Amino acid sequence: MGEILRNGENRGNVWLEALGVSKSFGGVRALLDVSFELRRGEVHALMGENGAGKSTLVKILAGLHTPDAGEVRVDGRKVELRSPHEAIRHGIAMIHQELMPVPDLTVAENLLLGREPCGRLPGTVDRGALRREAGRLLELLKVDLPVDAPMRTLSVAAMQTVEIARAVGSDAAAVIMDEPTAALSDREVEALFRTIRALQARGTAFIYITHKMDEVFRIADRITVLRDGVRVGTAPASGLDETRLIALMVGRELIGGRVRGRAVAGESLLSVSGLSRTGAYRDVRLELRRGEILGLAGLMGAGRSEVAAALFGLAPAERGEIRVRGRVARIRHPPDAMGLGIGMVTEDRRADGFVPLMSVRHNITLASLERCCRGPVIRHAAEAEAAALAIARTGIRASDDGQAVVQLSGGNQQKVVFARALMSDPEIVILDEPTRGIDVGAKAEVHALVAGLADQGKAVLLISSELAELLALSDRLLVMRQGEVVAELDPLTVSQEEVLKHAMPI
Amino acid sequence: MPCRSDKHSARVPKLELFAGRLGIVVALLALAAVLAALKPNFLSAANLTNVVRQVSINGILAVGVTAVLLTGGVDLSLGALVALTGVVAAHLAHPGAYPLLVPIAAGILAGAACGAVNGAVVTRCGVPSFIATLGMMTAARGLALVLSDGRPVSNMSPALTRLAGDVAGIPVPALILAAVAAAVAWMLRNLRLGRYLYAVGGNEQAARAAGIRVQGVKFAAYLLCGALAGLAGVVLAARITTGQPNAGVAYELDAIAAVVIGGTRLSGGVGGVGGTLLGVLLMGVIGNGLDLLNVPSYYQQIVKGVIIIGAVWFDRCHQASGKERGV
Amino acid sequence: MKRACVLLLAVLCGCGRSGDQGARDARPVIGVSLLNLSNEFVVTLREAMASHAKELNVRLIVNDAQRSPERQVQQVETFIAQRVNAIVLNPCEVEASSPAVQKALAAGIPIVNVNSETKAVPSAFVGSRDEESARLGMAYIADRLKGRGGVLIMEGYMGQAAQIKRGEGAREVLAKNPGLRLLAAQTAEWDRAKAVTLMENWLQAYGSSIQAVFAQNDEMAMGALLALERAGRKKDVVVVGVDAIADALQAVRDGRLDATVFQDGLGQGRGAIDAALRLIRKEPVEKATFIPFRLVTQENVASFIR
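Residue numbers (my numbering), protein chains in the order written: chain A, 1 to 506; chain B, 507 to 833; chain C, 834 to 1139.
Just so you know, not all the hints are guaranteed correct.
Ranges between beta-carbon positions, derived for each pair [unchecked claim]: (1) B/L772 to A/F25: 40 to 46 Å; (2) B/V532 to A/P122: 39 to 45 Å; (3) B/R630 to A/D348: 37 to 43 Å; (4) B/A542 to A/G114: 48 to 54 Å; (5) B/V532 to A/V406: 25 to 31 Å; (6) C/I1138 to B/D655: 54 to 60 Å; (7) A/H380 to B/Q807: 42 to 48 Å; (8) B/I815 to A/E71: 34 to 40 Å; (9) A/R77 to B/A542: 36 to 42 Å.
Simulated coverage check for chain C against chain B, where a stretch passes if three residues somewhere in it have a Cβ under 8 Å from a Cβ of chain B [what the hints assert, rightly or not]: (10) 918-932; (11) 1007-1021; (12) 1027-1035.
Just so you know, these hints were derived from the structure itself, not from any lab.
Given the structure is predicted, the values throughout are model-derived calculations rather than measurements.
Idealized CB from N, CA, C, for every residue including glycine.
Using the sequences and the accompanying hints, generate a full structural model.
Spelled out as structure tokens, the structure:
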């Protein structure tokens, strides 16, 4: 389906558009002759695999990049957006995937950062007016947040709401949201959608980038799909369904559902009992068996990542026992865990997954460099081979393995972290949100990887906030709630709603 | 799409290495051209030899502190260590007292010991490197004054002073710098420790999650830096034939400036010895040129500052527009 | 707990005070603030003052201003608070150290400047005229070169009294000898290492036109000497320094350094303590005592080496 649908008579309603925009980065083409239009008051979803060019397109609209060819028009007039500041002046605001508030300032101060109401003396801030204006903006979004709370104390969802309020406060007519629900719980997603609809009614338009199918059909008016830097189609959301959408994005049809049959579990490789840490989790008991994937479900803050951190030595538990292959283990820091054959893919790849300016090859070999060494000396040929093998196995796409990891798409970055964790050939693998922020195609590849790990006889602990993913992959499923393990469920028979019910606070 | 194989592996072509620091190379060549036009004997073998000789001490310090800066830290005690180790070496270098190796080894060891203290304070006590090395700067300077009773330690054996002389027309300090630079560059590229230095500076938490012993890596960086500062101190003492307790004032600033000009980021994770050597050379050429042109002393500082800022600005502009090259 | 600490501190302070006064009531106390104890000449000053004070049974409190005029003013303020009987000041800077003098005088405490001047006029001055040292050195050069030749001047830290005064003295002699050409005057900041580098660069810039180098202190002269010797050019160039530090005297004796100028640190130090004591006893004192410099060459160097 390659034809471009354009509703001729609504032409006058177009507020923001990109015409024939192209952009390359150092020889790698990100966008080729892409045209995109945003109408007043619509929610226009932008979808596509990672590397399709979505982020690049919206960054051009937000003034972060300048196009190599083509132009941007606001309200019919051509504009040159050379900086985010200029974009904001034209009424285009962007809320990034990685939120960047100032943690030590209050909500009000963050809301009006750069636009503080002036006091009587030049250079001072009228604090009363600041708080009142902040309150007014939050009221508009029907959000109940204390304006004097430091940003750092807010949850991710609340921070996001403040960002949206900020955009609204700067009189944005178009708000670009990049993966806004990646770190939100279902209830928080609902609240976000309410906010979006409320603003839509006031005439604000949204460009909404997401990978989540169910969301897109709930919130979007129109959907544009990009693939490999090219626009493959735009249609009203009502005119598409999931299968056709995925087909557009990937260029082929994907089958969902259960990825593997139930495994026959082997011996116990890691068992945990009575694991506790004040304020994080209490009395956790779990067991990882050879060839089996243990899923760990729960809402944000349930303590799952903290347990994983204890098992890998990033934040040891205060009490409790960990046994690896039957013997009691003291895991005080990652080298201890790795010595016992435990590997981990952490939750936040940007924070502690990879070294951004280091090459793909060096990142992959980072955790097991000894294998490519003779004594303390690195053997570069061996390292190159090992890295090439890992890249092939995990399907990493990079122009060459000397590229800095920070330049790769999210999915490929995640694969690099995977490759690094797997290079030491661990028998026990802990995965924390392994498919967060990556596209459908890459996600399927990662799922295949994970299933493959279990097939190779490894024991896998899979932490995820995506219930479908847990149910598709796990052999057994534990649910954590507020620091405790509250249920063990059968992923082959239980429904998503039931899991959610166990996970939600009573 | 599998990655291209091993053309990019073991050997990074020299051209690429310099291309990464294009801005500095251009500045250096431009400066050299201007100076050669104004003072033809700038390009004479004697003068160029001078320049190389004069940058050697700063160069040794800069190579050492590169390791620390790569981890995201800083070492402000370099100048004081130069004075202290010079005094220590000079005390042991009276004619006929000890074999030549003793004062040299003692100087390096004294530097390494101070570097170890820096490393311990930063890793064990969690004190920011700025503060820790600031403290060492004051303490080491005081120790140098105590050991020398405030006076230069003279009466140096000719054997040691030869360390600052020439061999076949090449200044020995330059040979020492070349050896040190080659060794450290080799280490950064070929030893696990070298790779870990980049990782710790690039993203300390990711390094930790990859099982790297971050504290150990940082400690090694400060130890190496201190040892090289010790070596620099011995060479300086040989050059001025005394151990001077107030030598080396503000040497750390020159060293760090050279490293940063050469492309190593103050935040760590990016950079290397090649860039450092370029930075050292640039600063040496500037100083030499200003003296040759007899620019009044007051203006020399201003000119130096402007050229340094210009070179770095040009280089950063070039980096920002192009693709970031992975390490 | 807090109160206990405060009490303890008070008792300790009181003990210190009363202890001093109890055991040594009679001795006069002189506060001394020195320019920079990592400077060899200043160390000589201190030793001279300390030993002379011991002979005269005077108590000294010695502080090091570490080249900072603010610190010097603070030290003098502390002396005033401690009610010392007199203050001896070795000033860091002509203008910036003047407040120290003014405060002492305002508090009624006699203050003696030693070695360098301040803008504010102290109760007495004991020192040498820095210009004189440069005149002696430069005159020696003029004599050796028979009035013709290229001369380089190495200066100290720009703006310091010694650098200014010695610069004036040197230029006076140059003006009187039109056959002497000033090739360049640059600072090597009193530092031997910087002087080596500067001399190396000068050799490149001026080559065979260099006949003499006058360095405003011996550290720099030694540096210039090293560079010249290494380049094999020493035999063509006359090198003169100022201060007569141990290294320089040795070099003069060995025939390496042509001359240096002896600054009588011993005489200045003793003279300062004498003046301070006379002021304490309200005896008449010379407002300014100038202790002459002396040229040191190979002929008379033996008498200076201790």
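Tell me the numbers of any earlier hints that the structure contravenes, in ascending order. Those not satisfied are hints 1, 3, 6, 9 and 10.
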